[in-house]
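Chains as they are written, first to last, in our numbering: chain S, 1 to 260; chain U, 261 to 520; chain B, 521 to 780.
If you're looking for bench data, these hints aren't it; they were derived computationally from the structure. Just so it is clear, CB atoms sit at the ideal spot from N, CA and C, and this is done for glycine as well. A portion of the hints provided could be inaccurate.
[To be verified] Derived coverage of chain U by chain B (criterion: at least 3 residues anywhere in the stretch with Cβ under 8 Å from a Cβ of chain B; other residues may be distant):
1. 334 to 345
2. 353 to 364
3. 387 to 396
[To be verified] Looking from chain S toward chain U, a few residues come up when the C-beta cut is under 10 Å (computed):
4. I71
5. V91
6. A93
7. V105
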Amino acid sequence: MTTRLRFLGVAAYEIVSRRHRILIDPFLTGNPSAPCGPNDIERPDVILVTHAAPDHLGDAFAIAKRTGAPIVCGADVRALLLDQGLPSDQVRATVWGIRVEVGGVLVEPVECRHWSMATLSDGRIVSGVPLAFVVEPEPGVRVYHYGDTAVFDMRLIGELYHPTVGLLGCAQPRALAHLAPGAGRMVTGEQSPREAALTAEMLGVKLAVACHYSETSDPDVQEFLRLVSELDTTGKRVAMAMEAGQVLLIDGNSHRLEDV
Amino acid sequence: MTTRLRFLGVAAYEIVSRRHRILIDPFLTGNPSAPCGPNDIERPDVILVTHAAPDHLGDAFAIAKRTGAPIVCGADVRALLLDQGLPSDQVRATVWGIRVEVGGVLVEPVECRHWSMATLSDGRIVSGVPLAFVVEPEPGVRVYHYGDTAVFDMRLIGELYHPTVGLLGCAQPRALAHLAPGAGRMVTGEQSPREAALTAEMLGVKLAVACHYSETSDPDVQEFLRLVSELDTTGKRVAMAMEAGQVLLIDGNSHRLEDV
Amino acid sequence: MTTRLRFLGVAAYEIVSRRHRILIDPFLTGNPSAPCGPNDIERPDVILVTHAAPDHLGDAFAIAKRTGAPIVCGADVRALLLDQGLPSDQVRATVWGIRVEVGGVLVEPVECRHWSMATLSDGRIVSGVPLAFVVEPEPGVRVYHYGDTAVFDMRLIGELYHPTVGLLGCAQPRALAHLAPGAGRMVTGEQSPREAALTAEMLGVKLAVACHYSETSDPDVQEFLRLVSELDTTGKRVAMAMEAGQVLLIDGNSHRLEDV
Numbered sequence: 001m002t003t004r005l006r007f008l009g010v011a012a013y014e015i016v017s018r019r020h021r022i023l024i025d026p027f028l029t030g031n032p033s034a035p036c037g038p039n040d041i042e043r044p045d046v047i048l049v050t051h052a053a054p055d056h057l058g059d060a061f062a063i064a065k066r067t068g069a070p071i072v073c074g075a076d077v078r079a080l081l082l083d084q085g086l087p088s089d090q091v092r093a094t095v096w097g098i099r100v101e102v103g104g105v106l107v108e109p110v111e112c113r114h115w116s117m118a119t120l121s122d123g124r125i126v127s128g129v130p131l132a133f134v135v136e137p138e139p140g141v142r143v144y145h146y147g148d149t150a151v152f153d154m155r156l157i158g159e160l161y162h163p164t165v166g167l168l169g170c171a172q173p174r175a176l177a178h179l180a181p182g183a184g185r186m187v188t189g190e191q192s193p194r195e196a197a198l199t200a201e202m203l204g205v206k207l208a209v210a211c212h213y214s215e216t217s218d219p220d221v222q223e224f225l226r227l228v229s230e231l232d233t234t235g236k237r238v239a240m241a242m243e244a245g246q247v248l249l250i251d252g253n254s255h256r257l258e259d260v
Numbered sequence: 261m262t263t264r265l266r267f268l269g270v271a272a273y274e275i276v277s278r279r280h281r282i283l284i285d286p287f288l289t290g291n292p293s294a295p296c297g298p299n300d301i302e303r304p305d306v307i308l309v310t311h312a313a314p315d316h317l318g319d320a321f322a323i324a325k326r327t328g329a330p331i332v333c334g335a336d337v338r339a340l341l342l343d344q345g346l347p348s349d350q351v352r353a354t355v356w357g358i359r360v361e362v363g364g365v366l367v368e369p370v371e372c373r374h375w376s377m378a379t380l381s382d383g384r385i386v387s388g389v390p391l392a393f394v395v396e397p398e399p400g401v402r403v404y405h406y407g408d409t410a411v412f413d414m415r416l417i418g419e420l421y422h423p424t425v426g427l428l429g430c431a432q433p434r435a436l437a438h439l440a441p442g443a444g445r446m447v448t449g450e451q452s453p454r455e456a457a458l459t460a461e462m463l464g465v466k467l468a469v470a471c472h473y474s475e476t477s478d479p480d481v482q483e484f485l486r487l488v489s490e491l492d493t494t495g496k497r498v499a500m501a502m503e504a505g506q507v508l509l510i511d512g513n514s515h516r517l518e519d520v
Numbered sequence: 521m522t523t524r525l526r527f528l529g530v531a532a533y534e535i536v537s538r539r540h541r542i543l544i545d546p547f548l549t550g551n552p553s554a555p556c557g558p559n560d561i562e563r564p565d566v567i568l569v570t571h572a573a574p575d576h577l578g579d580a581f582a583i584a585k586r587t588g589a590p591i592v593c594g595a596d597v598r599a600l601l602l603d604q605g606l607p608s609d610q611v612r613a614t615v616w617g618i619r620v621e622v623g624g625v626l627v628e629p630v631e632c633r634h635w636s637m638a639t640l641s642d643g644r645i646v647s648g649v650p651l652a653f654v655v656e657p658e659p660g661v662r663v664y665h666y667g668d669t670a671v672f673d674m675r676l677i678g679e680l681y682h683p684t685v686g687l688l689g690c691a692q693p694r695a696l697a698h699l700a701p702g703a704g705r706m707v708t709g710e711q712s713p714r715e716a717a718l719t720a721e722m723l724g725v726k727l728a729v730a731c732h733y734s735e736t737s738d739p740d741v742q743e744f745l746r747l748v749s750e751l752d753t754t755g756k757r758v759a760m761a762m763e764a765g766q767v768l769l770i771d772g773n774s775h776r777l778e779d780v
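Next up, chain S with everything else stripped away, as it sits in the complex (with noise of 0.2 Å):
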């Protein structure tokens, strides 16, 4: 059995096992990375969508209308896409520890640290908790996306969810600054490599995927990859920055990157 796993750019990634498919923020229109549009993407059997932000929520809306693929999310965007106009039961707002069974996948949210807030049509602002998941494509392959969130003591996620592969943000993607309008500039993402490569140590992930970036080159990227190694008291932890179209394919204990 093997479990594919496709990098969509960004925080974007569709993972698919003999069993599951699975389509995590689809964030496609507007990043430039993305390797597909919103309507290449072959049905889903569940949506996950960690926070409202655009980079994140991105195309859910579209896919779900099309596809009919349920979403699982938290309830401010889940109040967002029912006032978007999908049918309330192909919607599930879940929370930090409630585990939820939608499209026939076991989804596991986890705490995440970040913030999430959407402005509905009639301009009503709506508030949330934002979600980290835990998937399992096939048995003891576990997915940790980490959904925006800074670092924390994940020590206990690690030991109650022992996840084996991690989707670790550890920069800031510059393609997308223009998102955020402001004073000065952002320095780093939410978390910075060091705390990337920290949670990777404290979830006890075997492969840490580095995630939230335009460019492998980006020297927060390279960061990372560096000191996943140097804080790594297993001795076997990969670290790997997958090219947005990339796909890592994981078989068993096994993994490689597919050839282009």
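Given chain S, work out where chains U and B should sit, using these hints.
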């Protein structure tokens, strides 16, 4: 001196000692296991509301309106209650850490990792911070109400607030699934049975009382009872699941369920 | 090189070094202990606002408007400031972990467990994420502002951000009780004196500076000063409570209160 802790179903409790009468999360109307209605509740000294969810806020407004009892809650719940017509001086907003004295009761709100959202009468949406509470109905009897928190490292709360009785969510009330419509289904509550049992250990409570269920026969409740012992490093922790309407009598270091 | 840290009462500070002038939580109008008014404040390089509470947001808008100084804050405070008329490019929203450089100052926002809510001019309610901050006015002088957080395990913040000076809330400004009307009364601030002293230990600061009070004679402030020493495992930590208007001079590893 004896403290009487009466379970009113789901997450609702009435705690009565010689000095205090405390009502927590009084969800009675629409609670299939409630042993009484809101009009049967004697005037409490204070009503504690952990967050704005209907199965926790419940009949707080009606009981406060009828009895004049003050309410302690978060700022979003206060906004909702004032919007519904309670006078400002009947509601005390607080947040994690700010101990308040209301109705002669010292109320200690502690961190709760969940969410809280309400809609005011004019449609405005207000989000806030959910609360867990510690109260001391008699000296040495310190009751922690979890307020729907997800699991986190609660050892510091244990050390600083040293609760002796924990009201710990370990399930999802099956009878209330209709309150959260959407795709798929919820598999667990905010804490799995193992996570809830782990919080009992981290908090160091003597009595670990199951909370947030419809029926004590719920497999998650039964697993919680089993796991509390398994994770107990003190060898002295007692786990219990009360029937709605039952009263737990706590007398210094001893306790027993009242005969019906 | 000397850093001048001036206390402006409650939680407001002006930090001036040869390189930077930083203003934090400039609550002056309505602050009974403020040594000056908003028009007396020299143009800062940057204004930091931890959250939307009136005793923290304070005169930030007026000072920014008059001086043109940029503001760093959470997204809800940014929404409020733009609503009040500040231009978008004068305000930088950030969140825990995203370091920003604004006005030439590197600002490091760290986790803060509190709440933040504001009402816009059209009545809309916006909730956000409160911030604590670390700034370095000169190399090696790293100032942490607690931003009204409740206590939590801050050891990781200590390890990753290694603050040397902690501005630590340990009381509730008695003179401001009218800002929070409601039933009963507040007994403590967001942190008890013991909790505040414990954060000094967890953060590893050399200087533990009391914050969030009206008068240094407040019993909670006095208890904080005592407990900082009691909980200090380094044997070197210095606790102090400044009078509003006083200036703390920090010169490398030495410090003293300026003569008035």
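Go check the region 387 to 396 of chain U versus chain B for me, would you? Three or more residues, Cβ under 8 Å, otherwise it fails. As far as the region 387 to 396 of chain U goes, the hint holds, because 3 residues have Cβ atoms under 8 Å from chain B.
Hint check: 10 Å Cβ-Cβ cutoff, S/V91 to chain U: Check passed: Cβ of S/V91 comes within 6 Å of chain U, closer than 10 Å.
Has the region 334 to 345 of chain U got at least three residues whose CB is nearer than 8 Å to a CB belonging to chain B? holds (count 5)
Can you verify the interface hint for S/A93: is its Cβ closer than 10 Å to any Cβ in chain U? It holds, given that the least Cβ distance between S/A93 and chain U is near 6 Å, below 10 Å.
Does S/I71 hold up as a contact with chain U if the rule is Cβ-Cβ below 10 Å? 7 Å, holds
Is the hint on S/V105 kept, meaning its closest Cβ partner in chain U is under 10 Å away? For S/V105, the interface hint holds, since the closest Cβ of chain U sits about 8 Å away, which is under 10 Å.
Are three or more residues of the region 353 to 364 of chain U within 8 Å, CB to CB, of chain B? holds (count 11)
Against the hints set out earlier in the document, no violation occurs for any number.
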